[in-house]
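Protein chains: 2
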Amino acid sequence: MKRHDGHASVSRRAVLSALAAMPALPMILPAPAPAQPATPGGGLASWNEGPKKQAILDFVRATTDRSSASYVAPEDRIATFDQDGTLWVEQPMYTQVIYCFDRVPVLAEKRPELKRVEPFKTVLSGNHEAMARLSLRDLEKILFATLTGMSVDEFNAEAKKWLETARHHRWNRLYTELTYQPMQEVLQYLRGNGFKTYIVTGGGQDFVRVYAEKVYGIPPEQVVGTAGGTKYGYDKDGKPFLTKEPKLLLNDNNAGKPEGIHLMIGRRPYAAFGNSTGDRQMLEYTGAGNGARLKMLLLHDDAQREYAYGPAQGLPDSRVGTFTPALYDEAKKKGWTVISMKNDWKRIFAFE
Amino acid sequence: MKRHDGHASVSRRAVLSALAAMPALPMILPAPAPAQPATPGGGLASWNEGPKKQAILDFVRATTDRSSASYVAPEDRIATFDQDGTLWVEQPMYTQVIYCFDRVPVLAEKRPELKRVEPFKTVLSGNHEAMARLSLRDLEKILFATLTGMSVDEFNAEAKKWLETARHHRWNRLYTELTYQPMQEVLQYLRGNGFKTYIVTGGGQDFVRVYAEKVYGIPPEQVVGTAGGTKYGYDKDGKPFLTKEPKLLLNDNNAGKPEGIHLMIGRRPYAAFGNSTGDRQMLEYTGAGNGARLKMLLLHDDAQREYAYGPAQGLPDSRVGTFTPALYDEAKKKGWTVISMKNDWKRIFAFE
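Just so you know, the sequences run in chain order P and G. Using our numbering, read the first sequence as starting at 1 and increasing by one per residue. Using our numbering, read the second sequence as starting at 1001 and increasing by one per residue.
Treat the hints with care, as some may be off.
As the list claims (entries may be wrong) - Okay, derived cross-link-like pairs now, DSS-like style, lysine-lysine, Cα gap no bigger than 25 Å in a straight line:
1. G/LYS1160 / G/LYS1247
2. P/LYS333 / G/LYS1236
3. G/LYS1231 / P/LYS334
4. G/LYS1236 / P/LYS247
5. G/LYS1333 / P/LYS236
Claimed, not checked - Derived contacts from chain G toward chain P, CB cut-off under 10 Å, selection only:
6. LYS1196
7. GLY1256
8. HIS1262
No wet-lab data here; the hints were simulated from the structure. Each residue gets a CB set at the ideal place from its N, CA and C atoms; glycine is no exception.
Let's have the full structure, built from the sequences with the hints guiding it.
Below, the structure written as structure tokens:
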């Protein structure tokens, strides 16, 4: 139960076991996407021509053309993006959860009493089946223990170090390389048309801020996430610093997304992108505004190039945010645009 | 005790009584400021030449000149401003508190039981001495009752309407006209040099956001303030909306200012402006960063053109944020720049 030597491999095995638990999927290789020049207006080079790409182009034209009835003043152009599963890979586990699992052995070195206490004991055991069965409450304990109790600066340094070395098993790539190239193009295209792009994530606000500027060009102040309190204090030399407290201020999931948008942005978005039930209210809130509003959901239906889960597979809800069949039905009913990774994207990653 | 007809005058009398409680001050008219062209670099036309103006110009040069050792990348240029008493008049009472007092009669129409309950009974009585004696806890009850329990849209509409009509007794001007012209010039000057300007206020975030864009050119997402939670729900037609909840998420005063800055901005400011003990930690946090950091406190020492309170007058702490003698000493010790309204500003208001 004290296999510290293998804490990097703990997450890898957890990843593998979670992967193994997924249903077998047909392994048909997609035809290689033909090289194609960037669309003159959009620059959405990784998108196939069709109604999804056209919906983005039409929305931008409608909101930025001064002669349009749906014209939006530049200062009101807000676009919000879920992160996990919308901007980058969320399978088989949220990257931040892997980070937290990886921190447990480090934490147990400093606080040896944790080695005898659940759920830390399970994480340290390397028993992946047991880890996969951890309850949400247990996960919460792990998150609080590994994400709080240190200074903001210490946390930032640790997270940055981890992100520069930890790799996703399937691609043997840094997690920060596993962003979706077509979504990167949407971010750039919207920003090029005067939109402020925000991440609105159920993930930890501080964690995402560590890399969002470098990875997405999104500065810390445009990252809204699940956020805990901090406590202002002084070190022994009288220098002030902030400590991350185990106190939840904003659970930025489900209804927490529009609530977080109000708290942190104070305006209703004109465009919102998500991929799971956790994004439902954000899209709904966006859609309840006047004029042209873009509501898009990403469907993971490409097991070859990424993963396939959600309504196409009829998978049950899981710990990882899911695109349930009910959400799929609601999207169709409300006219939200569902993006098929398989059919609408020429390529998934920049490194392909 | 039910003088609803006079609810506009309630605040006026409260204002008057608070004014009356202030010590008599010599009424020497200042010499009219000579017209002077804008400084080539700064455009700080309402500032007298001298070390305070120079400190601002030097800071901007140090942080924006690429050859400077203190050069700051554009994305890191964050400047934070307290509002009440730093950007606009806070005497004899915070504008938002006057708004809340004015809302009590409206609220009592809808909820008549409040007419028999303290502290609402006192506010409705028009007894200004009794109102002036209300405790902080009583004030809190009034704030919660008048600022929560309605939808965000309703609140915004009510606050906007009030701000378009309510006037400050002394100048017979809208409150939104009572911003300090020299500070408006600092905001513009910093923005012109690539700084993102934020309001970081102990006042209500939602209240300030109603006018900050129009009055200061500061968009809602750059207003950090004392913030309550909201609750996502649906109206009878199934349309989603947010309700303001009586749940405090962030008390953006004192240590709450750096905590709020971390939550909402996620970066340490390079410049911070305040005028009271409530801003102490924000300036301290700003000053604890590397490189050139501008820390400025505004001293209200101009009874003719505005008000005089704080260390110059030896006034005791009061409900209104104060620049205590202790803060004055700390500023001198730490090298924070103290701006004298009387000596450093050619004019106070744009309408002068």
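How the hints compare with the structure:
1. G/LYS1160 / G/LYS1247: 23 Å, holds
2. P/LYS333 / G/LYS1236: Between P/LYS333 and G/LYS1236 the Cα gap is close to 19 Å, so the pair holds against 25 Å.
3. G/LYS1231 / P/LYS334: Given that 25 Å is the threshold and the Cα spacing comes to 23 Å, the pair holds.
4. G/LYS1236 / P/LYS247: 34 Å, violated
5. G/LYS1333 / P/LYS236: 19 Å, holds
6. LYS1196: 8 Å, holds
7. GLY1256: With Cβ-Cβ at 8 Å, under 10 Å, it holds.
8. HIS1262: 5 Å, holds
This entry does not satisfy hint 4, going by the numbered hints stated previously; all others are met.
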